[in-house]
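J.: Below are the chains, spelled out letter by letter.
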Amino acid sequence: MRIYVTSVFVDDQDKALAFYGDVLGFVKKHDIPAGGARWLTVVPPEDPEGTELLLEPDGHPAVEPYKTGLVADGIPATSFAVDDVHAEFNRLTGLGVRFTQEPLEAGGVTTAVFDDTCGNLIQIIKLPDVAPTTG
Amino acid sequence: MFKALADPTRRVILDELTERDGQTLFELCTRLAMKHEVTSSRQAISQHLDVLEGAGLVTTRRDGRYKFHYIDTGPLRAIAQRWPVQT
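The listed protein sequences derive, respectively, from chains B and G. Here the first sequence stands for residues 1 to 135, numbered as in our numbering. Here the second sequence stands for residues 1001 to 1087, numbered as in our numbering.
Do not rely on the hints blindly, as some may be mistaken.
Unchecked claim - Simulated crosslink set (DSSO-like; lysine-lysine; CA at most 30 Å straight-line): (1) B:K15 with G:K1067; (2) G:K1035 with G:K1067; (3) G:K1035 with G:K1003; (4) G:K1067 with B:K126; (5) B:K126 with G:K1035; (6) B:K28 with B:K126; (7) B:K28 with B:K15; (8) B:K15 with B:K126; (9) B:K126 with B:K29.
Source of the hints: derived by calculation from the structure; they are not laboratory data. All values derive from a computational prediction rather than experimental measurement.
Next up, chain B with everything else stripped away, as it sits in the complex:
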């Protein structure tokens, strides 16, 4: 078994594609009509065969209180790994992205949290460098 997709609930799929594509830099992988909405996924251009991110419509009535509660407490819906949190913070801030947590270095990792404009907070993280394994 493997994880091939993960998802965020978005309030508008077109807006989400614009943000996750044009702003964050992911590329569209699947865009399939599915029951009034679309099976819409994006992937990082450098890892097109990796885990996809599904931009899932948030129409179910349970989703709104879930998103509202998480966002109020600053809790991210998911987390993306980056090489340089400070560089991404500067780049995204320049594009008008709102951060609820500025870059924070603690415990060997750096994190920040921003608003995806589709009703979610997203964490970016620079994970500790893993020592190369010797063969």
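We have chain B already, so just place chain G on it with the hints.
T.: Chain G only, in chain B's frame:
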């Protein structure tokens, strides 16, 4: 206020808000876990914040859909007024 300050986790929360004022619950939990090895649940931290807010040492402000916590050291003035610092 003295009860609020008596708890070490609550004092660390005030330390972290002194370092950066205006934090979400999530950021405070991250700082407590990653910098101070505080293993309390998010609910427990939220309850600590309620105590600090009740003592007037923390205020919360909503900004759009987000809620941020700020430190207010104003109540501490009562300590120096009651027991003035000798110079």
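J.: Tell me the hint numbers this structure goes against, listed in increasing order.
T.: Structure breaks no hint.
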